[in-house]
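Residues per chain are reported as follows:
There are 2 protein chains.
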Amino acid sequence: MSQVFSDDAVSRAMEEIKSNPSSRGHGGAILPHMHKVSGPPKQTLFQDFKHSFNETFFSDDPFAKFKDQTKKRKFVLGLQSVFPILEWGRGYNLKSFKGDLISGLTIASLCIPQDIAYAKLANLEPQYALYTSFVAPLVYAFMGSSRDIAIGPVAVVSLLLGSLLSEEISDFKSPEYLALAFTSTFFAGVVQMALGVLRLGFLIDFLSHAAIVGFMGGAAITIALQQLKGLLGIKKFTKKTDIVSVMTSVFKAAHHGWNWQTIIIGLSFLVFLFITKYIAKKNKKLFWVSAMSPMICVIASTLSVYITRADKDGVAIVRHIEKGVNPLSINKLIFSGKYFSAAIRIGLISGMVALTEAVAIGRTFAAMKDYSLDGNREMVALGTMNVVGSLTSCYVATGSFSRSAVNYMAGCKTAVSNIVMATVLLLTLLVITPLFKYTPNAVLASIIIAAVMSLIDYEAAILLWKIDKFDFLACMGAFFGVIFKSVEVGLVIAVAISFAKILLQVTRPKTAVLGKLPGTTVYRNILQYPKAAQIPGMLIVRVDSAIYFSNSNYIKDRILKWLTDEEILRTSSEYPSIQHLIVEMSPVTDIDTSGIHSFEDLLKSLKKRDIQLLLANPGPIVIEKLHASKLSDLIGEDKIFLTVGDAVATFGPKGLDL
Amino acid sequence: MSQVFSDDAVSRAMEEIKSNPSSRGHGGAILPHMHKVSGPPKQTLFQDFKHSFNETFFSDDPFAKFKDQTKKRKFVLGLQSVFPILEWGRGYNLKSFKGDLISGLTIASLCIPQDIAYAKLANLEPQYALYTSFVAPLVYAFMGSSRDIAIGPVAVVSLLLGSLLSEEISDFKSPEYLALAFTSTFFAGVVQMALGVLRLGFLIDFLSHAAIVGFMGGAAITIALQQLKGLLGIKKFTKKTDIVSVMTSVFKAAHHGWNWQTIIIGLSFLVFLFITKYIAKKNKKLFWVSAMSPMICVIASTLSVYITRADKDGVAIVRHIEKGVNPLSINKLIFSGKYFSAAIRIGLISGMVALTEAVAIGRTFAAMKDYSLDGNREMVALGTMNVVGSLTSCYVATGSFSRSAVNYMAGCKTAVSNIVMATVLLLTLLVITPLFKYTPNAVLASIIIAAVMSLIDYEAAILLWKIDKFDFLACMGAFFGVIFKSVEVGLVIAVAISFAKILLQVTRPKTAVLGKLPGTTVYRNILQYPKAAQIPGMLIVRVDSAIYFSNSNYIKDRILKWLTDEEILRTSSEYPSIQHLIVEMSPVTDIDTSGIHSFEDLLKSLKKRDIQLLLANPGPIVIEKLHASKLSDLIGEDKIFLTVGDAVATFGPKGLDL
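The listed protein sequences derive, respectively, from chains V and A.
Here the UniProt record's numbering is used: position 439 in the first sequence is 439, and no number is missing along the way.
Here the UniProt record's numbering is used: position 454 in the second sequence is 454, and no number is missing along the way.
FYI, nobody ran anything at the bench for these hints, they're computed from the structure.
There may be inaccurate statements among the hints.
Copies of the same chain look alike in the list, so a pair counts if it works inside one copy or between any two.
[Said to hold, decoys possible] Cross-link-like lysine-lysine pairs, in silico, DSS-like; alpha carbons within 25 Å at most: (1) LYS50 with LYS285; (2) LYS332 with LYS173; (3) LYS282 with LYS332; (4) LYS561 with LYS65; (5) LYS252 with LYS236; (6) LYS607 with LYS630; (7) LYS654 with LYS531; (8) LYS74 with LYS284; (9) LYS604 with LYS413; (10) LYS630 with LYS240.
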């Protein structure tokens, strides 16, 4: 891909750079040191195709290390690339384990109460979330390449799954509901694996950062509002998630449906949780205070309910939670009948959202510790994890923002912290789940509210407003879509606005009129650099995009409009009228047949106006296509220059000493 | 938008350009004449929004002429912009009329036989196509701005409409079929008007030139194959349009279903039509030979059937064709019931295809005569024409490739040629339609075959292959989709491939490593210019696209990969290791929050590697966003340069005399 530097090459390069301190200052005629615009070295069609294909699907060059290896070594490397634990596991030591043990125990203590709470969002019984926190992290630990992510059920995906499932089946207790949940999880995993194997991981980039901020914030508020049911002890509650329905439900229940014991329990623990959060925020070292507090809440509230038997006074409690390790669920998957297509659709949506969250987390921490993360391999790992999960009574798992942050701060070194967490979950399932029987729902609601508040990233929203108004619009669209309608609608709005932005990018590229910066041969946008002066008799326009069918007409029209505008200005001044139009092509990386046709049309229009077209610095692909289409003959080879400066020096006014 | 040149400005500009013949050659330290990178003049949010909005939807500045006018004048201008005939009609003279009269008569004589034939493609009775050729051109003449387009029913849209309609209703004789045809035409017009009024005309650019070439070619072959029914006198024929079904039908009928009299009539006139086409191609002045030949065919064949009564020997004839002017069809439109949504869908598809064809024709001739065509206004005109048509027994009309070319060659000057044609059609409807009773279907089939052959643009396909392989793929996809499946499938494939190309453009932008051209301060792609030499201790990368959420991660990873590759190369040579990474930002017209985050991640990674990031020539919007996000502080204001040359001069090796 690049030059290899031999000793010779070094000295030659230094020589070339040192010689000819200035080839400028000749003025007028063609300069002796002017470089010709050249095409790239000729490639065969196959080479060309191979290069484009690799750059599209294998831009991270995953097979580089397999090159020039023995067969046995290739096999080992192949195994390692599917199971990265075989690679980093060999260098694993006691010091790393110490970090992983502490962080694993910390996230487990955070995970158990969150799991029991999140299962409610998916309308499932609490043990299914605990199952998910046991199997999924184990699978991920063997196959994943992030060192900091904490795997398990998360609030937003649980809500999304619950909301999508309940549209299909409204009876949450029915075996069909559970079966559809597992089947959707299966397809979520299949979608994730497929994206990874087919190297289509880049598709998740279409959910922009801005859209995610809005979507997450909206989902957090929706989830928090839903918790008013548990927190206020309301019995009759809407199944809709939009803010209007929920608030109507809350106020309708105000006179008779609120339970004051529940409210006291819920609010006092909520205050406690917010205080610990505040402490952790003020002093980063005390992060464990906040990480431990949900567990403390669960223990304290369970004990107090058990002692006071407040459940007899109407305080809702968990009541039942299955003991024992994950039962197999392979026989529950449904691959036919009326719910089959629903399962695929739900799997696709929840799988994509789960993927987006996991990859965002993975990337964040990878950048903080500067290790590389193979997006496509991550997807295969996450997909496998969910497929295995769907066979063992788990629902869609992904990386959790809050637990991953705790994991990182507790000093995790590798995915072993996930194994530690899974082990703790196993012990919990085998031994202590029945103890959660008296846990009041109100405390679970407080835990959820405290957890999702960190998903509301209002600082990011403010930054979006400052940096990019369009991004802010996408963010707000997703946000209001989620809270006023539903998570799906918010998602659709977010994707639609993101696509609208791309549409604008490809149909309305920027163009700029360039002027010469005094004392240099540098040509810059005259709007950005008011000092930049236009050349008499010439108009210099830069096109800032590849010229494709989607924009070729616009670009042609825009160039002609610049020309018309300038001509009007110049007739009223003493500047000579325009004889040359220079199009600076540096940013034009590619041109297709529609673009070529537009240039032909442009040439025709210019001919009628007696204006000469000059091109500056067309890129390698563009030059090739200009030749292939014979457009370069129409323009004239001598009208194509390496730089705007060269074009001006050759055809510009002779009085200028450039 | 641009500087106004006063006398002062001129002399100042000349002065500035002449002074400081060279500010280069200082070497090492920051150069005294180095320009600072500046942001653009500050704009308010409203100004900013207004500018983007205008550039997106009003890039052609349609209201410019309304500025600073009296109210009365504004009203006149407004009327003129809806009815351009009021503008050009005032300068209309006898000389123009002479051209329009001849061309109008020529296209009328071509239009009548084509109409009778094309109606069959839409499964409608022949008079409906004649009605369409009377009303539609009249409306267009008042509202359209193309001077060369010939309006009426066309082969591809007729086939598409017929194919879509027959999927809904298989009984072509039923009144529902006719009602659905008119209702679909109504919605086609509404869609076209809406696109124009909402200034969304650019959406049709998403059907790329390449896709159109393939689609048209495929449609032409499909249409030609369908004519085997008429040409061979087959009675039982498949209703499917794919090549396999059609050929099966043809060969199944070979033993008993072919009618030799029909074949003789069909083939002999087909040969005649091809000969006249060949003559017209060899000698452009004889275009009228080819233009007149369909009419001659119809007259000759009708007479010979009438005299020989060959229809009694099984030669299929038109048999019935309604006399009289268009009846109203407003009472036939259906706005409810089971066909309502089908009408909208069919209208949308056929309206978009018709629009694409009309705009392509309009643009072609506008470029040839160098007048401007307002795409959005054209759409309003075409839409109004189809809405009016749907109320007066017409089906979807658009611009015809073949008749527009004849119109142009016959010397048309304005849309008056369409009025002439409509007048001829009116007379035909009133007087001579019954004479077409004995016209054999076989001759209509020959006329269609001869007409659609010109839609097969194999030269364009070869050019696509030469210029752009991806375009060729889109072309072939559409082509084979149409001939092996159906026109809709071909259309879907064409749009899908076009979108895939855009997806690639926005997710995988190009990046290039730059080197210094010997003896200049110009930095260029080292792959395109093998002479370009890299600077010791520096890596210069150019990013060739706006940095958005869709590509920000890829760009970051790609830059880091260039760095890693170069570092590996340079450890094995005596070149010093890389200390500075220069990112040439000239082509980066915009950056969004995801892009900013990627740069933050890039900075973190570079910090770990002890490499300094330098930016060269960020554009106005990028500079603003770097400041808004405080990223410029993280990078350091002194690390942002106007040119790569400046950055190298400041931080590069001191030995280089630049």
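Hints, verified against the model:
1. LYS50 with LYS285: Result: close neither inside a copy nor across copies, 51 Å intra and 49 Å inter.
2. LYS332 with LYS173: within (15 Å within a copy, 53 Å between copies)
3. LYS282 with LYS332: So LYS282 and LYS332 fail the 25 Å test inside a copy (48 Å) and across (74 Å) alike.
4. LYS561 with LYS65: Classified as between: cross-chain Cα gap 14 Å, same-chain 52 Å, threshold 25 Å.
5. LYS252 with LYS236: Within. Shortest intra-copy distance 9 Å satisfies the 25 Å Cα cut-off; inter-copy 70 Å does not.
6. LYS607 with LYS630: This pair counts as within: shortest intra-copy Cα distance 17 Å, inter-copy 48 Å.
7. LYS654 with LYS531: Within one copy only: 22 Å inside, 30 Å across.
8. LYS74 with LYS284: This pair counts as neither: shortest intra-copy Cα distance 44 Å, inter-copy 67 Å.
9. LYS604 with LYS413: Between. Shortest inter-copy distance 19 Å satisfies the 25 Å Cα cut-off; intra-copy 66 Å does not.
10. LYS630 with LYS240: neither (63 Å within a copy, 41 Å between copies)
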